[in-house]
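**Student:** The two chains are supplied separately, each in an independent frame; assemble them into the complex guided by the hints.
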Amino acid sequence: MLSIMNLHAGINGKDILRGIDLEVRAGEVHAIMGPNGSGKSTLAQLLAGRDGYQVTAGSVRYLEQDLLTMPAEERARAGIFLAFQYPVEIPGVSNALFLKTALNSIRKQQGLSELDAMDFLQLLRDKMKLLRMDELLLPRAVNEGFSGGEKKRNEVLQMAVLEPKLAILDETDSGLDIDALKIVADGVNGMRDPQRAIVLVTHYQRLLEFIVPDVVHVLSQGRIVRSGKADLARELEQRGYGWVEEQHPARKAA
Amino acid sequence: MNIQLESWEHMALEQIPQFLAGSGVPWVSQARQSAFERYKAHGLPTRREEEWKYTDVTQIGKRASLAPDSIPPDPPSEAALFSWALAQEHPHLMVFVNGYYSDGLSAIGEMPDGARLESLAELLDGTAELSSESLDASHEHTIFGALNTALATDGAVLHLAAGTVLQDPVYLLFIASGHGTAIYPRNLIVVGEGARATVIEHYFGMIDAHHFTDTLTQIKLAAGAELQHCKLLQEGNASFHVAGIHAEQAAHSRFGSQSFALGSRLARNDITSRLNGPECQCEFDGLYLLDGKQHVDHHTRIDHLAPSCTSREYYRGILDGESHGVFNGKVIVHPHAIKTDAHQSNRNLLLSREAEVDTKPQLEIFADDVRCTHGATVGQLDDDSLFYLRSRGIDADSAHSLLLYGFANDIIARVADPGMRTRIEHLVLDRLPQGEQIKELL
Numbered sequence: 001m002l003s004i005m006n007l008h009a010g011i012n013g014k015d016i017l018r019g020i021d022l023e024v025r026a027g028e029v030h031a032i033m034g035p036n037g038s039g040k041s042t043l044a045q046l047l048a049g050r051d052g053y054q055v056t057a058g059s060v061r062y063l064e065q066d067l068l069t070m071p072a073e074e075r076a077r078a079g080i081f082l083a084f085q086y087p088v089e090i091p092g093v094s095n096a097l098f099l100k101t102a103l104n105s106i107r108k109q110q111g112l113s114e115l116d117a118m119d120f121l122q123l124l125r126d127k128m129k130l131l132r133m134d135e136l137l138l139p140r141a142v143n144e145g146f147s148g149g150e151k152k153r154n155e156v157l158q159m160a161v162l163e164p165k166l167a168i169l170d171e172t173d174s175g176l177d178i179d180a181l182k183i184v185a186d187g188v189n190g191m192r193d194p195q196r197a198i199v200l201v202t203h204y205q206r207l208l209e210f211i212v213p214d215v216v217h218v219l220s221q222g223r224i225v226r227s228g229k230a231d232l233a234r235e236l237e238q239r240g241y242g243w244v245e246e247q248h249p250a251r252k253a254a
Numbered sequence: 001m002n003i004q005l006e007s008w009e010h011m012a013l014e015q016i017p018q019f020l021a022g023s024g025v026p027w028v029s030q031a032r033q034s035a036f037e038r039y040k041a042h043g044l045p046t047r048r049e050e051e052w053k054y055t056d057v058t059q060i061g062k063r064a065s066l067a068p069d070s071i072p073p074d075p076p077s078e079a080a081l082f083s084w085a086l087a088q089e090h091p092h093l094m095v096f097v098n099g100y101y102s103d104g105l106s107a108i109g110e111m112p113d114g115a116r117l118e119s120l121a122e123l124l125d126g127t128a129e130l131s132s133e134s135l136d137a138s139h140e141h142t143i144f145g146a147l148n149t150a151l152a153t154d155g156a157v158l159h160l161a162a163g164t165v166l167q168d169p170v171y172l173l174f175i176a177s178g179h180g181t182a183i184y185p186r187n188l189i190v191v192g193e194g195a196r197a198t199v200i201e202h203y204f205g206m207i208d209a210h211h212f213t214d215t216l217t218q219i220k221l222a223a224g225a226e227l228q229h230c231k232l233l234q235e236g237n238a239s240f241h242v243a244g245i246h247a248e249q250a251a252h253s254r255f256g257s258q259s260f261a262l263g264s265r266l267a268r269n270d271i272t273s274r275l276n277g278p279e280c281q282c283e284f285d286g287l288y289l290l291d292g293k294q295h296v297d298h299h300t301r302i303d304h305l306a307p308s309c310t311s312r313e314y315y316r317g318i319l320d321g322e323s324h325g326v327f328n329g330k331v332i333v334h335p336h337a338i339k340t341d342a343h344q345s346n347r348n349l350l351l352s353r354e355a356e357v358d359t360k361p362q363l364e365i366f367a368d369d370v371r372c373t374h375g376a377t378v379g380q381l382d383d384d385s386l387f388y389l390r391s392r393g394i395d396a397d398s399a400h401s402l403l404l405y406g407f408a409n410d411i412i413a414r415v416a417d418p419g420m421r422t423r424i425e426h427l428v429l430d431r432l433p434q435g436e437q438i439k440e441l442l
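Chains as they are written, first to last, in the numbering used here: chain A, 1 to 254; chain B, 1 to 442.
Next comes chain B alone, as it looks inside the complex (with noise of 0.2 Å):
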């Protein structure tokens, strides 16, 4: 019996707790049970398995429970906490609270046909005609998906019927309130044939709160289909946080991705997608600015089932203080899936002696006539580009910040909605020195 059983043990959550949505429904509760067998059975993940090697997930399994909370938080803080979160009016807005969905502090404008944005845990209770695909076994990548199945609370749920625009991006919005809370989010997002969408996951939390974000997202993307998804973390220096965001790709259709990480203790990423029909395009882009003890690992997969697809994958990451930062981003191109064009990369900077990066592309390929390169960098500001922006006049510091600037702005500018573009931009020059005077400059 390992450690992490011991824990769990220990938390006395021998069972499901009934207050969680869907407990009358049959389906719902037998696939949490069969999620919950799993998770029993295996336990937390330790650094003996290949895909958590550099990543120490021992401290999630020592929390006092992982049980999600059933009290709602607290009114007034949550919405001191949503001001500090939101830098402008959203016309899509759903805000969940440690996992629920806070109707009050939602607004869903108005919509056009074909499209529906509603809450997982209304679906699961109600008598719509939710399918099993919600609580999809399959994109339990890893056994912290598992626990989200079984655990989760509630999330978004976005319906776009064929050819369905939706212009403004959804944005969700979960809210960490409080210490010691674990925040189970589910959110499922179903684009159908050529229908187009942004949907923007912002994790938002008090700055040392130690509370843990176990969240699955799942995405189908039907055959021309678009979706421009972007997660910005930025939870407490003291959260752990573990993420899952798995799309499967129908023909033509797009997907991207984007990954800020800007908080937390321990956060890890997974992010997925299996193209699945021809033509498919896919991009992963993510940053993380690390500082203190910070750890955030992203791993990649990408699944190439079909013939001429492309994806392309862009990760980087600036380090300071202790942090770690880890990337490893999987590409399979599997048999037939010829004429297929992937390129990766991952570019770090380390700020200090101490920082660390393990940085690992990892290629499998059994198909032949296909174009895969990645490349990798770890290393610090290069010494011609301060010399020629210091020899313009500009001090030490602000050369510093702004070559980091920089190096950053080449993922940001990835983002599609130009709100959380110059929201991010303005996140990340906070974090730099004479970050403001830049801002100013935009």
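The shape of chain A in the complex, shown without the other chains (with noise of 0.2 Å):
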């Protein structure tokens, strides 16, 4: 479904991804790993198409289409969903307005019909109770004045309401507490599916206890310095990224 390749790009002539390679295919999830400042966010921001990057070499396939050439809109189109590690507050429209209209572009561009009003809501309201969310959030302007919690599980909330093929999620896991955590993470296992990829970005291997991924990558320095099974998280969390980076010393040293 994915397909990275020798991927190099940075921001403002400072390089931050330094050659990545990685295959996700459908049905699996990935979590990728690693200390702040590894490139974990700039790879997820940048597969979403957010501007501002510059791709100095390498490729990324999705689906068989080139993904850098598309704009972020048509590649959420495309079933791209990223769950934001700081989720924009939009005031003035309301978190219904702002899910219809998204969902609307998505069905359009999927050759469906618009929902009509009744159905939308119900739809909503089926998500919302799966994330135990409040319905008052909806007539509420998109994020402002959410809790940091509520704010994560709204983004969780866009991603059951959208359907992507391929969601990445960015530390998702950050400031939730246990219970928040554990709401979310049912959020997300309910929706591995056969048909669709779940990149988790994390720091921490906490969220990894809840959803169990098929591989673990670790990222650091802008490479992916080694990937494993599900125990790598553990190995990490007991090791410390200073353990995987001591393993790679002339990576580190380029």
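You may find that some hints are simply not true.
To be verified - Not everything, but these chain A residues come out facing chain B in the computed CB check (under 8 Å):
no.: 1; residue: Gly49
no.: 2; residue: Arg50
no.: 3; residue: Ala76
no.: 4; residue: Leu82
no.: 5; residue: Phe84
no.: 6; residue: Val88
As the list claims (entries may be wrong) - Here are the simulated lysine to any residue pairs, SDA-like style, with alpha carbons at most 20 Å apart:
no.: 7; chain 1: A; residue 1: Lys108; chain 2: B; residue 2: Glu440
no.: 8; chain 1: B; residue 1: Lys439; chain 2: A; residue 2: Ala117
no.: 9; chain 1: B; residue 1: Lys360; chain 2: B; residue 2: Thr373
no.: 10; chain 1: B; residue 1: Lys220; chain 2: B; residue 2: Glu133
no.: 11; chain 1: A; residue 1: Lys108; chain 2: B; residue 2: Leu441
no.: 12; chain 1: A; residue 1: Lys151; chain 2: B; residue 2: Asp384
no.: 13; chain 1: B; residue 1: Lys439; chain 2: A; residue 2: Lys151
no.: 14; chain 1: A; residue 1: Lys108; chain 2: B; residue 2: Gln437
no.: 15; chain 1: B; residue 1: Lys339; chain 2: B; residue 2: Arg371
no.: 16; chain 1: A; residue 1: Lys151; chain 2: B; residue 2: Lys339
no.: 17; chain 1: A; residue 1: Lys108; chain 2: A; residue 2: Ala96
no.: 18; chain 1: B; residue 1: Lys439; chain 2: A; residue 2: Arg107
no.: 19; chain 1: A; residue 1: Lys165; chain 2: A; residue 2: Ala26
no.: 20; chain 1: B; residue 1: Lys360; chain 2: B; residue 2: Leu350
no.: 21; chain 1: A; residue 1: Lys108; chain 2: B; residue 2: Glu51
no.: 22; chain 1: B; residue 1: Lys439; chain 2: A; residue 2: Asn104
no.: 23; chain 1: A; residue 1: Lys108; chain 2: B; residue 2: Lys439
no.: 24; chain 1: B; residue 1: Lys360; chain 2: B; residue 2: Thr377
no.: 25; chain 1: B; residue 1: Lys220; chain 2: B; residue 2: His252
no.: 26; chain 1: B; residue 1: Lys220; chain 2: B; residue 2: Arg116
no.: 27; chain 1: A; residue 1: Lys108; chain 2: B; residue 2: Ser352
no.: 28; chain 1: A; residue 1: Lys108; chain 2: B; residue 2: Gly435
no.: 29; chain 1: B; residue 1: Lys293; chain 2: B; residue 2: Ser352
no.: 30; chain 1: A; residue 1: Lys108; chain 2: A; residue 2: Pro139
no.: 31; chain 1: B; residue 1: Lys439; chain 2: A; residue 2: Ser94
no.: 32; chain 1: B; residue 1: Lys360; chain 2: B; residue 2: Glu51
no.: 33; chain 1: B; residue 1: Lys439; chain 2: A; residue 2: Asp116
no.: 34; chain 1: B; residue 1: Lys439; chain 2: A; residue 2: Phe120
no.: 35; chain 1: B; residue 1: Lys439; chain 2: A; residue 2: Pro139
no.: 36; chain 1: A; residue 1: Lys108; chain 2: B; residue 2: Gly292
no.: 37; chain 1: A; residue 1: Lys151; chain 2: A; residue 2: Leu162
no.: 38; chain 1: A; residue 1: Lys151; chain 2: B; residue 2: Asp382
I should point out that these hints are in silico values taken from the structure, not numbers from a laboratory. From a predicted model like this one, the values you see are computed outputs, not experimental measurements. Glycine included, C-beta positions come from ideal geometry on N, C-alpha and C.
**Tutor:** In structure tokens form, the structure reads like this:
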């Protein structure tokens, strides 16, 4: 589904990604772990189509298309979803209007008719129930005045409504207490599907206790320095990121 | 002698036209005459005056005539304008065409006891007990106020006796019909003790008509009274519009003013309130949506004259093309007005390089133990917000419009009357790319 080859990218002349290779197939859950500044969020945002990054080498193919030439909205319509590390507040625009606009944009692209108001509301209510979200968040402006946990749950709600093919969750676990983490994890697990791939970007192993990945990658200095099964995450937790970096001194020097 | 005076003389309008209402009533003639003298002595303001630094009204002085129309406008065209202007039925509707009350187009429904809604001209001409407060010179904050007193043709007079609650809004529609007319509406709203009302002033004109409106609304709120006042300016993009909205508030009264400026070539709104008794609440909101060469100026002034009053001001602008927005918010906390709580904010979005905003808060505080804050911003749409929307599949144009709608909506949501709120929401969306699409999803 997603194939990243030798991706080099940076921002304002500063290299951040220095040769990423990553293969994600439908049905898989990948975790990308790494210390602060390793390039995790850059990778996530770049895949979602954020402007401002310069790709200096490499390629990204998504469902047989050249992803890097597509604007952000086309990527979303083609099934890519990024759950933001810092969800943005949109004053004056209700959560309901935002979700309706987004869903209709995507449905239109897929040749589906727009959902009528009643069906849409029913869909939203069902999804919100699963995430134990208060319906009062619907008429409120997007993320405005939401608690940290509400914002993260709102990201997962959007994912549940938009039903992407490739979901990238950027530090969705940060700032969540254990109860909220479980709710979010349940939401994500409920979306595991043979047709869908999920990429979890996280600093901590904690989230991976609840969403068990098929593959764990360790990102360091803009490269994937190690990949393994779920137990790699636990090993990292015990030994720290220094352990991986020590094993790759040559790369660190580069 | 300045240029305005010359053009005034050029107009050969040496005296107040005889056809104006109340010309046979001594106090009316006197009030008009002294206002007229004030105007003649001063002329139109120039940019050398601090209050007019950013707004150049020379063009108004160069008009062929400042005299109000004496000829009734053409009925068919006013009927057409009327149908464009209104989106729904209004229970208490007064329609004025070029400053003259149109009985045929108006429909004043049944009012509760203690409520009276009448035409100013009829009251001035009649023997009714209209006091001289109806042409009160103390409301002449600018020389345009004096000009209005001198030349006012007609307007609405709303009187609410103590305890009277008017459920449905009073809708005043001011239609500018035809080219080149000068229009002088004058309104008076008197809300008795504990009484409550909503008044909408809607100024509507043809797209390319060169008319000039100089309007003034006086508001008096007795103790515990409440008035929500919403002004919608939708005159054509060639018109000049100058408005004064001036309130006097007694203790515990509440006054809300909303000003939506969506039209006209040059508009100036002077909105003021004097908080004369303790624990008044006063909120001014405004939204200006400008394009082309439009110029809109909001000058506000709130006088805190008594303790424990609260005032709030929220003004926002979206400016495209070569448009120019001006906001000047003066708050004066007089001695003894302790425990004043005043806040003011003016936020602007510039959508083009040529658009311009001058924003100036003016806080003058002469009392202790007060809380006064203000903030002003001028900026562009936020890239993070745009990316967030686009990452959800919303195309760039729609994302822009959605953000602009949201920015405007924070002000629109403050309109108390739901019908008016929806109306303004739609008018704003009509101006945005893909706005139709957003409208359908609301």
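**Student:** State the violated hints by number, sorted upward, taking the hints as numbered earlier in the document.
**Tutor:** 13, 16, 21, 27, 30, 36
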